[in-house]
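A.B. asks: Sequence:
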Amino acid sequence: METSRIRYSILLSAGIQLALGAFTAHPYDGRVFFTVGYSVAHGNSPYVPADVSSVFGRALFPEAYPGIGYPPPWSLILALSYLLSYNLFPNLILYNIAIKTPIVAGNLLLAVLVGRIVLFDTSNAALAENATRFMLFNPYVIYTTAIWGQFDTLSALLMLFAILELTRGKRRLSATALGGAIALKLIPIVLLPLMILREKKHGTCLHALKYSVCVAAVVGFSFVPFLLGWSINPIIDNWNVHFVRIGGFSPMNLLIPFGISSPANELSFLGYLWLPSLILIYYLLLRRPAIRSSDVVLSALAIMLGVSLTRSWVSEQNLNFVLPLVLLASISQGWPRKWVTATWVLPLLFTLFHSSPLGMLFLVVPQQLINHVHARLQLMFHAVSLDMFQPDVGSIGRILTTIAWLIVGLMLLRKSIRSIGGPSRAGKSDPVLRNCV
Numbered sequence: 001m002e003t004s005r006i007r008y009s010i011l012l013s014a015g016i017q018l019a020l021g022a023f024t025a026h027p028y029d030g031r032v033f034f035t036v037g038y039s040v041a042h043g044n045s046p047y048v049p050a051d052v053s054s055v056f057g058r059a060l061f062p063e064a065y066p067g068i069g070y071p072p073p074w075s076l077i078l079a080l081s082y083l084l085s086y087n088l089f090p091n092l093i094l095y096n097i098a099i100k101t102p103i104v105a106g107n108l109l110l111a112v113l114v115g116r117i118v119l120f121d122t123s124n125a126a127l128a129e130n131a132t133r134f135m136l137f138n139p140y141v142i143y144t145t146a147i148w149g150q151f152d153t154l155s156a157l158l159m160l161f162a163i164l165e166l167t168r169g170k171r172r173l174s175a176t177a178l179g180g181a182i183a184l185k186l187i188p189i190v191l192l193p194l195m196i197l198r199e200k201k202h203g204t205c206l207h208a209l210k211y212s213v214c215v216a217a218v219v220g221f222s223f224v225p226f227l228l229g230w231s232i233n234p235i236i237d238n239w240n241v242h243f244v245r246i247g248g249f250s251p252m253n254l255l256i257p258f259g260i261s262s263p264a265n266e267l268s269f270l271g272y273l274w275l276p277s278l279i280l281i282y283y284l285l286l287r288r289p290a291i292r293s294s295d296v297v298l299s300a301l302a303i304m305l306g307v308s309l310t311r312s313w314v315s316e317q318n319l320n321f322v323l324p325l326v327l328l329a330s331i332s333q334g335w336p337r338k339w340v341t342a343t344w345v346l347p348l349l350f351t352l353f354h355s356s357p358l359g360m361l362f363l364v365v366p367q368q369l370i371n372h373v374h375a376r377l378q379l380m381f382h383a384v385s386l387d388m389f390q391p392d393v394g395s396i397g398r399i400l401t402t403i404a405w406l407i408v409g410l411m412l413l414r415k416s417i418r419s420i421g422g423p424s425r426a427g428k429s430d431p432v433l434r435n436c437v
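Numbering (my numbering), first residue to last: 1 to 437.
If you are wondering where the hints come from, they were derived from the structure by calculation, not from laboratory data. This one's a predicted model, so the numbers in the text were calculated from it and none came from an experiment. Cβ atoms here follow ideal geometry from the backbone N, Cα and C, with glycine treated the same way. A few of these clues could be false.
Claimed, not checked - Between beta-carbon pairs, the in silico distance windows are: (1) F120 <-> K200: 22 to 28 angstroms; (2) A375 <-> L284: 34 to 40 angstroms; (3) T3 <-> I260: 49 to 55 angstroms; (4) N238 <-> G43: 21 to 27 angstroms; (5) V241 <-> L209: 28 to 34 angstroms; (6) L358 <-> G15: 20 to 26 angstroms; (7) L228 <-> R337: 48 to 54 angstroms; (8) T204 <-> V224: 29 to 35 angstroms; (9) A217 <-> R5: 37 to 43 angstroms; (10) S212 <-> P139: 25 to 31 angstroms; (11) L173 <-> T204: 16 to 22 angstroms; (12) N87 <-> R168: 40 to 46 angstroms.
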């Protein structure tokens, strides 16, 4: 790759993301992150509600906000962000920038890593450069991380690094990275059996055991704060929170118009549908001859797609775990560009239909104005009543994008499994990323 051009792109992307991120945050997640950072910095648990209206002002924080729903490391990062910003200079914009900085850094490093993997697999510097730029300036990535404030790309970065290092034979480094990815967000834990099975196949049972122990040690270490006084009861009481509700970018949100918003009673099995799906995918993967490093990426993609398509709740930003895998698979297999495009366009459209971008400006735009605009838009675009529900443009848009994603996701799942063990076709088609950004 041309180092000087990539450095310029990295600096430009960093500037764009920090400029956009400084004044924006998700109206709910952002407030929770502000609250948790302050709370943990003052010695409190991030898993209990806290009222910070006296600290940040009742206009922006009119009520107590609940605790966080992630493992401890992100709470510690939020606390450090508070100590290095608002604690020294009481300004919410500065505090917001401090929170967004590690997120933007994760975006940049993920883009560079994707480019390195492409270069490692194809020896095509131009293609690797395009892949890096695609991730640096992708609208979906920027919107769900730098603007929204979610940190899925940090976990995805470590997950992808773990895959790369395992294919290069660096087991300990791979296990440490995967443990770090899981410690940030639990989603990559579904890849642990894949890594263990590969270790067993290409090494020994002892290698697989050592890999498992290393991952468990890193994840276990991340829970040390509970030994310092954090209560684990909220986690125990709400362990199944993502299995008892329906929504987000899950295909199951198609049930919501019919009055089904949680998989309760006779539909409770829907919340755990991802488990048999995961078992089936692993069964199919075991029947495929995974030899190349690109086969590990294809396997990881199949697993992530299977979980994303069968969980009852999938947050829009969770597709950041899928996008880089689709990108790498498309390059290695010579898939048409439409698969990469659909993987980021559809969740971005759903996100825009789900919540108004204006709400992301709650730090700088008065809440009364935001509410007024939302009310006017609702009246303007409200659709005709149906028997079961009253759809507006947003709900119709969410339904259509969800159906489209279900189709695309299932086709990608089939393609990824069938491509494992097959010949690489990256050089037999036009670069997937030509003119992509």
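A.B. asks: Are the hints correct? Go through all of them and say.
C.D. replies: Do the hints match the structure? See the list:
Between F120 and K200 the C-beta distance comes to about 24 angstroms, which sits within the given range of 22 to 28 angstroms. A hinted range of 34 to 40 angstroms for the beta carbons of A375 and L284 is inconsistent with their spacing of about 49 angstroms. Evaluation of the 49 to 55 angstroms hint for T3 and I260 yields a pass: the beta carbon distance comes to about 53 angstroms. Here the CB-CB span from N238 to G43 is close to 22 angstroms, well matched to the stated 21 to 27 angstroms.
Between V241 and L209 the beta carbon distance is about 32 angstroms. The supplied range of 28 to 34 angstroms therefore holds. A hinted range of 20 to 26 angstroms holds for the C-beta pair L358 and G15, which are about 24 angstroms apart. Judged by the Cβ atoms, the range 48 to 54 angstroms given for L228 and R337 holds: they are separated by roughly 50 angstroms. A hinted range of 29 to 35 angstroms holds for the C-beta pair T204 and V224, which are about 31 angstroms apart.
Range check, A217 to R5: Cβ separation about 40 angstroms, and the 37 to 43 angstroms hint holds. For the pair S212 and P139, the beta carbons lie near 38 angstroms from each other, so the given range of 25 to 31 angstroms is not met. For the hinted restraint 16 to 22 angstroms between L173 and T204, the CB-CB distance of approximately 19 angstroms keeps it satisfied. Distance hint check for N87 and R168: the Cβ-Cβ separation is about 41 angstroms, which falls inside the suggested range of 40 to 46 angstroms.
Consistency note: the structure conflicts with the earlier hints numbered 2, 10.
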